[in-house]
Amino acid sequence: MVNWLGFERRVAIRFLREGRMQTVLIIVGVAAGVAVVAYISALITGLQRNTLEKTLGAQAHVTVSARDDVVIPAREPAADTAVLVQTQPRVQRPRTIVNWQSLVPVLEAMPAVAAVSPMVAGAGLAQRGEASKSIALMGVDLDRYDRIVHLRSKVVQGEPRLGPGEGIIGRELADDLGVRVGDRISLVTGTITDSLRVTALVDLGVRELNRRTVIVPLRAAQSLVGLPGGATGIDLALVDVWAAKALAADLSQRFPYKVESWQEANSQLVSALNAQSVSTALIRGVVMVVVVLGIASVLVVSVVQKQREIGILRAIGATQGQMLRVFLLQGAIVGAVGSTLGVLLAVGLIKAFTTFVRGSDGLPLFAITLAPSLALSIAGIATVCGVLAAVAPARRAAALDPAQAIRL
Amino acid sequence: MTRLIELVGIHKSYNLGLPNEAEVLHGVSFAIDRGEFVALIGPSGSGKSTLLNIVGLLERLTAGSYRIEGEETSGLDDAGLTLRRRAVLGFVFQFHHLLPAFSALENVTLPALMREGRVTSAQQERARAMLAAVGLGNDMQKRPGELSGGMQQRVAIARALVLEPPLVLADEPTGNLDRASSDEVFVLMRRMHAELNTSFLIVTHDPRLAARCDRVIELVDGHIESDTSTGATG
Ligand SMILES: Nc1ncnc2c1ncn2[C@@H]1O[C@H](COP(=O)(O)OP(=O)(O)OP(=O)(O)O)[C@@H](O)[C@H]1O
Ligand SMILES: [Mg+2]
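Protein chains in written order, with the numbering used here: chain A, 4 to 411; chain B, 16 to 249.
It should be emphasised that the hints constitute simulated quantities derived from the structure, not laboratory data. Just so you know, even glycine gets a beta-carbon here, dropped at the ideal spot from N, CA and C. Be careful, since some hints might not be right.
Stated by the list, open to error - Per the computed footprint, the stretches of chain A lying under chain B, defined by three or more beta-carbons under 8 Å from a beta-carbon of chain B, are:
| id | region |
| --- | --- |
| 1 | 18–31 |
| 2 | 311–321 |
What the hints assert, rightly or not - Looking from chain B toward chain A, a few residues come up when the C-beta cut is under 7 Å (computed):
| id | residue |
| --- | --- |
| 3 | Asn68 |
| 4 | Leu73 |
| 5 | Glu74 |
| 6 | Arg100 |
| 7 | Arg101 |
| 8 | Leu128 |
| 9 | Met129 |
| 10 | Arg141 |
Construct all of the structure, not just a fragment, from the sequences and the given hints.
Following this line, the structure appears as structure tokens:
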């Protein structure tokens, strides 16, 4: 409809243009507020996504393992006796997941699950000549494991293969042992010794991991750890990483295994991210309140300044509703124009951030972008805030006694 | 025949119920018919503006009856009053009567804009003709601040008359003008009255102008002191 709010639009725009300085100042204020909110939102979103990608890129979303060994009392105590016992917690040995071969297809069939990788983990020593390093041994199927942690993309040297007698080791471990791709090392666990040829070096993103990791075929690990045919864990990758907690709870209900989500494995990280989100929400809330108060105070002043004009408009036939809408519209216009400028400003800030803030390698620290949906929702919220801020002044304008206003 | 407006026993008190309560109008009665040209005179503080604002539906009366075209107005709510104001009334005030942010032409098209949300080209033409008729054909795009007092008042008259209301209320329309401009404005109102058969109720302190109206109502201390036809023709 062409003439929708035609009168209100015309008058609102004229009033804003007439109060030049006030209008410019408040629009700049709204723009600054919106820019801060948009920039912080984009920054925190980028930062969190980056942190999560780094964390989840190197580990499974959900891990299944055998339940911890517990001491089971030898005999049920009689009903009317209390038993005082002191038990030593049991030593946790590597234990296999009972029946893991039949569990894998069940897990694979679940729609939330993207990939399943059984593995055998254990500790040992890697030796080459005089050098001997303690290692974390991992036996996996390369294709399956790749879908969990994208191992192939982390290879820094060599051609990743896990044929019999082959292995992949961390970059720092290779340095410590002085081996290159194609060299052989010995692995020692307890009484068993095996040897493998290094096919590739990987960088898992954490130096400590690179210094300890040795990845071998599942079968080799089974015999080194002493669990022929066994698996100490099953790694899962999920379609939606945020479904991990619920899925873990569900699985540990249904199966007699220990199931851990990445959130539980990284509880400190998760609570840090939560704290970050809460602070961002707080900053956003405070900025929005300041924006609303700013718009409201400018409009309150404007209503007082324009009493006479309001009185004249009422005398020549403007309704209370029209006066109300004239001021609501001013709030909406200030909110919309201010937030458009604010979003542009935020885009500029983000560009500056990605251009000037670089890591030691000269690459941007992490990708931050202002998603169009986020920009739109921020602009929408700011416009709604503008209207809300205008409610009190607009009601004042509508309730103004025209006779009094004209006598001024 | 129903009168255009009819006031019977109008009382108006300010600050009702407060210690400084004051009755300004003490039972005022009169009526105006279509096509009358009436002056409202009286000493300062006698209640002329108050009475005009009551007639203009800008202020509510405390007691009495006010009918417009036979319809009682005292029970109407704000929306009802605004509708009657739109249908029946045009206003000309002493000063600060135009919207400073709008050009002369826009001021004259405002009544149409607020009624329909837009200004048709016919209404635009009508507003131009109106401004030309009041002698401002060359100043239509100027803001009120760029016009003299007399010119501003002529814009206000054009705005009051553009939708041809049956009654125009003017509160000291020449009170701020020098003698020459004040004569011009008065002559213009008489001419519009003759052309459109619009009724006028004009508050004035100028006895010369009052003598040139068809009828003079004199208000003293909240009472109608006299109500006489002059037989004048402008
Ligand atoms: N809003 C108000 N509150 C209280 N008293 C008021 C108010 N408006 C007007 N009055 C009083 O009512 C009386 C009449 O005022 P009004 O303006 O109608 O007089 P007037 O005849 O128009 O005077 P003037 O010729 O000076 O314009 C005055 O005593 C004035 O002080
Ligand atoms: Mg007065």
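Contradicted hints - numbers only: 10
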